[in-house]
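Engineer: Residues 1 to 243, numbered by the working numbering, are exactly what the sequence shown covers, in order.
Keep in mind the hints are simulated off the structure, nothing from the lab. Some clues are possibly wrong.
[Unchecked claim] Straight-line C-alpha distance at most 16 Å; calculated EDC-like pairs for lysine to aspartate or glutamate:
#1 Lys96 x Asp131
#2 Lys199 x Asp225
#3 Lys96 x Glu54
#4 Lys134 x Glu95
#5 Lys85 x Glu54
#6 Lys96 x Glu81
#7 Lys134 x Glu81
#8 Lys69 x Glu189
#9 Lys134 x Glu102
#10 Lys85 x Glu219
#11 Lys85 x Asp216
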Amino acid sequence: MSNHPLLLRLRLAGWLVPLLLTGACSPQLIRTAQLRPTQLTAVNLEETVSQRDEIMLAYSLATFDAQNKPAGVVNGGWGVEPVRKGQVVELQSGEKQALPIEISVPRGGRVVASLVLVEVDAYDRAQQLVDQVKRVHNVVAGPASWLLTATEVLTPLRYVSAGLAASGVGLKLVDHLDDDDLLGQSSVEMTETELRQNKQGYVRVPVIFAGRNLRDAYEYRLTYDIRLGHVRPGKGKKESIRQ
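Let the hints inform the model, and build the full structure from the sequences given.
Structural biologist: Next comes the structure, spelled out in structure tokens:
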């Protein structure tokens, strides 16, 4: 009887076992999320007398692990900038861009992207806050500092404020709003599973912030993207952010 079938099976096993072991030992990709403000339109202003608003954006990405424990947070900011009625601000072009922020998402966890738009009355105080935010821009605060403020997290404003506090920014955004006006806030939550299953590579979020202050009605339209990517464990360099 020929032993050729047995030899063939042994050879195949010799090829497959190393491949299977290599696959089993290969580290799984870590998913990343990036928040990128893209466009702001001033449809109608809050300040009708001066015919311009001075505004700022503050935004954050907060992550939680599979047990829903806070894992990390990263912050960004833009402004303070004057805008006029009908003006369209491209936030990813020109000298004063709203820089993206990015964070890795734990396996089986989730990420919450939050953004607030503020109309500034106390310019110097607001600029101080923005300068502080820029100093910690895209610097990830770890779980120890994030846990201290996690109990406050309820709204987009609370997410952003807690993230800034975790990053060491002493001036709390919620306290800062005593003299300034919150024009709007927005949040988007995605699980790590949803990030893996997303084939498009990004989620575009259009929001409308509208309201009334005394007799003045305002409306702003903002678009921001949640862009998806991944890194390999142990490598500091990003493997891909799909455009």
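Engineer: What are the numbers of the hints that this structure violates, sorted from low to high?
Structural biologist: none
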